[in-house]
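*Asks:* Given only the sequences and the hints, what does the whole structure look like? Please build it.
For the record, the sequence lines run as chains U and W. Count the first sequence with this note's numbering and you get residues 76 to 521, in order. Count the second sequence with this note's numbering and you get residues 324 to 559, in order.
Simulated from the structure, these hints should not be mistaken for lab results. Each residue gets a CB set at the ideal place from its N, CA and C atoms; glycine is no exception. A few of these clues could be false.
What the hints assert, rightly or not - Okay, the calculated beta carbon distance ranges per label pair:
hint : chain 1 : residue 1 : chain 2 : residue 2 : range
1    : U       : G356      : W       : Y457      : 22 to 28 Å
2    : W       : N513      : U       : R282      : 41 to 47 Å
3    : U       : V442      : W       : G519      : 40 to 46 Å
4    : U       : N376      : W       : Q538      : 32 to 38 Å
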Amino acid sequence: MTQVKLISAWLGGVLLIAGLAGILESWAADVFLEATRPDFQKISLGVAGIQNGGGPDWLGGRIEEVLKKDVKRSLVFDLVDLPGLGIKTSDIGNGVGAGSKAVFKQAAEKGVSVLVWGKAGLKEANKEADVNMEGFVYDSGSDEVVGGKRYAGSPSVVRLMAHRFADELVFRYTGEPGIARTKIAYVSEQGAARELFVMDYDGHDARQLTADGFLNLMPRWSPDRRFLVFTAYRNRNTQDIDMIELATGKRWTVISLGGLNITPALSPDGNFLAFASSHEGNSELYRLDTRTKAIQRLTVNPSGDLSPSWSPNGRELVFVSDRGGGPQLFLMGSDGSNVRRLTFEGDYNAAPVWSPRGNWIAYVCRVRKEYKLCIISPDGQKRMQLTTGPGVDDSPSWSPDGRHLVFSSTADGKSHIYMINADGKDIERLTFEGTHNSAPSWSPAS
Amino acid sequence: MTKTLGIYSVMLVASMALIGMPGCSKKSVQSGGDSQSTQGMAKKGSSGNGGGSGSSGTTDSSRSGVGSFPDTGVQSAGGGLRGLDKNPSEERVGNGTMLAKMDPSGSDGRQLDEIRAEQAASSAAGLRDVLFGYDSWTISEEGRQALTRDAEWMKSNPGAQVKVEGHCDERGTADYNLVLGEKRAKAVRNYLVELGIGANRLSVVSYGKERPFCQEHAESCYQQNRRGHLALKTGK
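*Replies:* Dropping the structure here:
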């Protein structure tokens, strides 16, 4: 009994000293790696090429390049270099016969679990070009060609074919839909205006959605991916919350209460829209019941409350409040009950987003005067800084698989969009055009 | 001994709760989708109306500032993936499933023309701006002096309407800077009201860090961007 007391006193002392000495970060880093390790080992996968099935030489190479990057970004697979292992991939042929059998055997011996190959061609039919792609999968565990896919479409969807096939691979080995077909909405400076854009998750195929010549800010997806909600300054004296339907471009105002109406966020079931509004004085949080149109005020406080983000089960919200001076993260029930402060470290923590798996909340933390990405567990026990160095990092948004974040940063000068793994590794820049790209929001998986 | 066991069991329960979360969320999303699919048809009609009224540029204020709302819950899971097949049949991959061609007709530069006109009018009137400290919305002595002169001008031009714009430097989040910008704009407005200017002649707007005066990543520039800008309203 006394021993237990002694140990707990000793532990308490150690924790206290650790906190005071400010070494919590390095301690949290160790815990973090353990907590986010995937429940499976990465599956080693080799892409044995997309052969030319008639058509231009670049076609197969383009598909192979996109596919390999998707496979790598999935974090489900470990992309192996087949020629580097001495495997002659061209022998794979059409996947039947002695040549391919030899390649399968070689791959299995070298520890490659999955082999992928395919064929792509382009032909003119009825005056329209048509791309055909086939992809096949060999699994060394069962020692058989487990199946494949055949796609057809216009040359403009070549990248989408590769993305689709990559997602099928993820689906096959995890049961999850993959993220290769997801999109990222963001804000891009166009002259003196800021307009909404949507691009593929890898930064390709950016398209402009709004063109009203002024400010359109902080887009967020609807759970069904069909709409974006965002703050619009169409009338410069009020900032409303608008909605746009992606398939039609149709746009209308959903919240127009007067004052500043910002940071809209739809609940995971689409039944509520949480947002901040200053129409009753200072910025407070509200939620709109999207079916009854009833608006419920969630916070009552003389300081600023904003940036709500839903827990994946829709029961709680994390948000920002400067009720203690600087902005800090708080949690509450989605009806405004049970408010408690989540962050205590640092004097500036903002822009929280709850991970789709529920186990982390990403946010912007001010560390030594720099604005960086941090993550914290909803119980406040684990915390880690993900980015370092100069530049203002802002607006983190989770990938639907919870393995990545997208964010904006001025690390390279102008504000651009970047992707990073949830463990802080593999930063990848996604935008290169334009003068200012910001406020990225990652779509749900389809 | 019992104490340690207690601690362990608390940790176990906590970690189980965390592990359980994704499962819970999936269920709630699916059940939401199921319950909505029955009323989906009726809702879609109303969403069309909302879009129609919205695209004409007016605000639907019939229900205290709330516009129409479509169903946005997930209707079906699965993501359109059909799985690998030993004899795969052809799947047509389309492009235009989710993104409409943008209608640029709304972009007529009207807003920017208005801003240019306001800027010209403001500088002709000699209105002065207020600069703020880092993280701060407190008006400095220098700021008070500027506002005192602005108030004098407004008193001798009783018909003038002024819009106070709150601006922030690029440090900090876009979201919080909108709230900070509003605090700055309101601090300026409140001080002008203290100086005897009617509140009905003053409006506030926050631009956060979205419309900086200066684009460099340097304190000299940041200083210029932490601002309460007085814009003289032109037109109505």
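*Asks:* Against this structure, judge whether each hint is valid.
*Replies:* Results of checking the hints against the structure:
Restraint check, G356 of chain U to Y457 of chain W: a C-beta distance of roughly 25 Å satisfies the suggested window 22 to 28 Å. The supplied range of 41 to 47 Å is met by N513 of chain W and R282 of chain U, whose beta-carbon atoms lie about 43 Å from each other. One distance hint, 40 to 46 Å for the beta-carbon pair V442 of chain U and G519 of chain W, holds here, with the actual separation near 45 Å. Distance hint check for N376 of chain U and Q538 of chain W: the Cβ-Cβ separation is about 35 Å, which falls inside the suggested range of 32 to 38 Å.
Of the hints listed earlier, there is not a single one the structure fails to meet.
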